[in-house]
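Here the structure of chain A is known, so what remains is to put chain B in place on it, guided by the hints.
Each chain is listed here by its residues.
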Amino acid sequence: MQLTINGQSHQVEIEPDTPLLWVLRDTLGLTGTKYGCGLAQCGACTVLIDGQATRACVTPIESVAGTEIVTIEAITGDAEGRRVVEAWVDHQVPQCGYCQSGQVMAATALLKQTPQPTEEDIAAAMINLCRCGTYNAIASAVRQAAKV
Amino acid sequence: MKRLGLFVAVVAVVGAGSAWFAIYVPRSPFDGEARPAPGPLERGEYVARLSDCVACHTTERGKPFAGGLAMGTPLGAIYTTNITPDKQTGIGNYTLADFDNAVRRGVRADGARLYPAMPHPSYAKMSDDDIRALYDYVMNHVQPVSQPNRPADIAWPLNMRWPLAFWNAAFTEPGTYQAKMAGDDLWNRGAYLVQGPGHCGSCHTPRGLAIQEVALDERDPRYLSGALLDGWYAPSLRNDHNTGLGRWTEDDIVTYLKDGRNQHGVVFGSMMEAFNNSTQYMSDTDLKGIARYLKSLPGDRTRDGEPWQYQPVAAAAPRSAGQAIYASQCATCHGADGRGRAEWIAPLAGASSLLAPDPASAINITLNGAGRVVADGVTDAYRMPSLRSKLSDQQIAEVLTYVRATWGNHAAPVTEQAVKALRAHTDPASPDPIILQMR
Chain A
1 MQLTINGQSH
11 QVEIEPDTPL
21 LWVLRDTLGL
31 TGTKYGCGLA
41 QCGACTVLID
51 GQATRACVTP
61 IESVAGTEIV
71 TIEAITGDAE
81 GRRVVEAWVD
91 HQVPQCGYCQ
101 SGQVMAATAL
111 LKQTPQPTEE
121 DIAAAMINLC
131 RCGTYNAIAS
141 AVRQAAKV
Chain B
1 MKRLGLFVAV
11 VAVVGAGSAW
21 FAIYVPRSPF
31 DGEARPAPGP
41 LERGEYVARL
51 SDCVACHTTE
61 RGKPFAGGLA
71 MGTPLGAIYT
81 TNITPDKQTG
91 IGNYTLADFD
101 NAVRRGVRAD
111 GARLYPAMPH
121 PSYAKMSDDD
131 IRALYDYVMN
141 HVQPVSQPNR
151 PADIAWPLNM
161 RWPLAFWNAA
171 FTEPGTYQAK
181 MAGDDLWNRG
191 AYLVQGPGHC
201 GSCHTPRGLA
211 IQEVALDERD
221 PRYLSGALLD
231 GWYAPSLRND
241 HNTGLGRWTE
251 DDIVTYLKDG
261 RNQHGVVFGS
271 MMEAFNNSTQ
281 YMSDTDLKGI
291 ARYLKSLPGD
301 RTRDGEPWQY
311 QPVAAAAPRS
321 AGQAIYASQC
331 ATCHGADGRG
341 RAEWIAPLAG
351 ASSLLAPDPA
361 SAINITLNGA
371 GRVVADGVTD
381 AYRMPSLRSK
391 LSDQQIAEVL
401 TYVRATWGNH
411 AAPVTEQAVK
421 ALRAHTDPAS
431 PDPIILQMR
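Line by line, the protein sequences are chains A and B. All letters in the first sequence, in the order written, are residues 1 to 148 by my numbering. All letters in the second sequence, in the order written, are residues 1 to 439 by my numbering.
In short, the hints are calculated from the structure, not lab data. These numbers were taken from a predicted model, which means no experiment stands behind them. Hints are not guaranteed to be accurate.
[Stated by the list, open to error] Simulated pairs of lysine to any residue, SDA-like, Cα-Cα distance not exceeding 20 Å:
# : chain 1 : residue 1 : chain 2 : residue 2
1 : B       : K63       : B       : D86
2 : A       : K112      : B       : A314
3 : A       : K147      : A       : R83
4 : B       : K390      : A       : G38
Extracted from the complex, chain A is given alone in its bound form (with noise of 0.2 Å):
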């Protein structure tokens, strides 16, 4: 099966129902997306198809040959993540870290498609889990990348 993940072709053998998030960490080593829940409920996972956010943990891969998959390590190579990236910084967002790449996709996939949210729309599209509790911050950072 033919993945294109951050611009680049893959050939992977393996199962059509493997969720994607299996192939990224375990076959192609990017392991910078995370297992969170295994149940699309946290979006730790969550990775760009297409610029859409979708939770790699239950797309199976049959489902997204031929699309264009975006992950957290090529994220400063798109113009919406590369703000997105430095609002983060400037907002000191993380705590722990561990769900941030996942925001971090969401936040992109939000300004894509809406590139000036209301507050409704972060609400809306921030739906992510954080059991840091950086709610707060990550809208913050969402506001600042929002304006050009």
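Quick look at chain B alone, frame taken from chain A:
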């Protein structure tokens, strides 16, 4: 005086006749036959798989075929029986004729009538060969287990079983399946499997006032037209475009029964049980026969409504409460476009369980999640989680109303009351749960 005497005589004769009818042991083609020598395991085991005996005659953590599963009836719970060859508590003393009378005629060796929770109206159509093979399997290949049967919770006088003899007379059809000239061999094999051992109608055919299936074969358009049972809505298996198998090909049906999934959906609810224990073990030819037969049952446009067609969500559409819940709780797997992910995650767009008039299955799986689908010994990688403690009755009603009215779906809204009722009924901690799975 003479007329009174005649009247008394008539009453006495009718009474005695009825009493005899209610308790007599019917004749079996195997009467007087000596116990046959053990046959090959595979033959009888296959019939047991076709008939899915284990689904009811085994509890979740119990020994195989030892019975004890509670089945809810309007009169009280009854418990399935020990059908292992144990001589004291099982059916070790049954002759082939006794076994035949229980399976095909619903009559116990002592003449007592079985509750029709046992699908003997369907099993009546099974061939002599299959009954003989099934007897061989149960008597010679199943491990005997000493486990006494649990009496039913039905109080006197409703626990008297003799009236069931009259139920049988009214609602069962004697005689095994007879091949029909109109169909080819494959069709006839499928008809036999669906009507007989497979007892598909037990869940998928509506039931009448006496809880009898309203039809036992394709001569009646209500046969396999969909029915509500124990908190799940078993959809139509007829060629209904929206709520049945109208958009499925024969190959789609074969794949569904063999792998537990296809591009239209994944087995869940009671069908997951039927798949785990029964349909995945059927031969390709048998599955093709079932598909051929089911595809020959016409749909009913009046009942089914306007044919479903995919419609994308308009980008500018105002965001409803249900849509917001969908985006945060459901879209991560089922997709914002409602199309699911290949055959691994079921599409909601066009799903027959969402287009069905009764939303029970949709509410049930949202509240309780899906069970474990085990295909070929491997459990499923993706499973619907339970949202019972995450979403309120109102939220579930809103999100289901949204998915039942989006992407071309056009089914009635779901009420908060309907969610509330099913939440209480399917709560494992409630004092009076309905049996979650009809097995």
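Here's how the hints hold up against the structure:
| no. | hint | in the structure |
| --- | --- | --- |
| 1 | B:K63 with B:D86 | 13 Å, holds |
| 2 | A:K112 with B:A314 | 19 Å, holds |
| 3 | A:K147 with A:R83 | 9 Å, holds |
| 4 | B:K390 with A:G38 | 17 Å, holds |
Hint compliance for this structure: no hint is broken.
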